[in-house]
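The primary structure of each chain is shown beneath.
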Amino acid sequence: MKQLTKARRDDIHLLFDPPGPRARRRIRIATAVSLAVFAALLAFAVRQFAAHGQLDADQWRMFGEWPIIRFLLSGLGQTLLVTAVAAALAFPLGGIVALGRLARNRPTRALARTYVELFRSVPLLLLLYVFLFGLPGVGLTFPVFWQLVIPIVLGNAAVVAEIFRAGVLSLPRGQTEAAYSLGMTHRQTMSGVVFPQALRAVSPALVSQLVRLLKDSTLGYVVSYLELLHQAKVLGEYYHAVLSTYLVAAACFIAVNSALSGAASWLEARRA
Amino acid sequence: MFTHVDAVAGQLGRGLLLTLAMTALTFTGAVAGGLVVAVLRICPVAPLRAFGAGYVTVFRNIPLLVLLVLFVFGLPDLGLLYPLFATVTTAMALYWAAFVCEVVRSGVRAVPRGQAEVARALGLGFGQCLRHVILPQAVRPMVQPLGSIFIGCALSTSLAAAVGVAELTGQAEFLTLRYDQPLTSFALTTVVYVALTLTSGLVAGRVERKLAVAR
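One line per chain: the protein sequences are A and B, in this order. Convert by adding 16 to the 1-based position in the first sequence; the result is the number in this note's numbering. Convert by adding 332 to the 1-based position in the second sequence; the result is the number in this note's numbering.
Okay, chain A solo, but in the shape it has when bound:
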């Protein structure tokens, strides 16, 4: 936290001289004006909500009832489950693909490269539709959970592979050279020297990738898998409280994801 505030101050000091008396007065005026504008915007939003009955008790009361809370929490649990399973599969797969991209064998490299380029440029939803509508046409149907998880894994493995590769390439060359000169084979060098260090280097990026995985899990909305967004849809339509339910769901997603982002920047700061 301390480092973050320091970084922000650097931003400001980079572009501005320390303010003198006149600049300080101008800043005070701008502060007052901006506060007034924000207050006006807030008042407008509240009025808009109230005018359309969105602040009525029946739009919000159910979020205090345990069955509803449990319903949403089970959705959140499924979201986390999808994220965890997808991460547990995508990270190792990404590692394997990264090894392929760094292999000394040319066809292996080409294959891994093709995988990465292909799955990085296909939108996840298209991939999902392939599993949802395409493959059943040729007689291949997966359970709903895997219809959601497999596309997420395939798509994210490509990104994770690039993260790992960047981590390996960021290591000083001396590490590999030293390992070779100690008589280690390519395999030993990779698994004993290069990968462990690369893993440390990319751990913040991997935690950030969890945020993306969690965002991707909302595609359960499309395949009707019972994750948080889908649960919110069901609940909102049932109670005719679409806006408030989606707002609650959005708040949950933001809370979980900003915790993950915070963990990522904590790791980053600790490493630096």
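FYI, nobody ran anything at the bench for these hints, they're computed from the structure. Virtual Cβ for every residue (Gly too), placed ideally from N, Cα, C. Incorrect hints may appear among the rest.
To be verified - Just a few of them, taken from the derived set where beta-carbon distance is under 8 angstroms, the chain A residues facing chain B: (1) Phe32; (2) Gly36; (3) Phe65; (4) Gly150; (5) Thr192; (6) Tyr196; (7) Ala266; (8) Phe269; (9) Ser277; (10) Ser281.
Based on the hints, put chain B in the right spot on chain A.
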């Protein structure tokens, strides 16, 4: 397998046009919005800075699909009903603006502090300092990340299909259900997306080399 070539090509072409239009509008909006938020985040006025920080926290952490659903199905409850295309594009631009803001900020931070100090010591004003010293050096490290954001925009426009916009992915789904030729339409669509991302990557590399500054 190729019995409906004309119809399929026409549908996919229309979908592609919609995807391209959405990508272009989203990216333009995101760059404009991201610049504004970046300025808010580094300006000396505390409430504006807090607003910028809050904006980035919210929009970087909300899943895009949640934002789209909120805009498309939630806003009409507030009496804010706009055409679907405009609603979706606005939501996506707001989402990507948060990412652009972070790119801009880290680009500015990549300029060594001494540069700004020297510029001020030479008597350049704030605007001059920004225009002649900071921005020319800050733009180059922004190009690659902005290229990635462009690709991200292009791919994320596919999510619009989930809320009912018939862009490329939506058309692929429609054609699959209509003509029962899943492999053809998905393969064609994939080729288009790959072409789109590879071209964007190449263009970003080009621009970056053009903007190279000797340090």
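Hints and how they fare:
1. Phe32: Interface hint status for phenylalanine 32 of chain A: holds (6 angstroms vs cutoff 8 angstroms).
2. Gly36: This interface hint is violated because 12 angstroms lies over the 8 angstroms limit.
3. Phe65: holds, 7 angstroms
4. Gly150: holds, 4 angstroms
5. Thr192: Constraint on threonine 192 of chain A not satisfied, violated at 26 angstroms.
6. Tyr196: Hint on tyrosine 196 of chain A: violated, closest Cβ of chain B at ~32 angstroms, above 8 angstroms.
7. Ala266: holds, 5 angstroms
8. Phe269: holds, 6 angstroms
9. Ser277: holds, 6 angstroms
10. Ser281: violated, 12 angstroms
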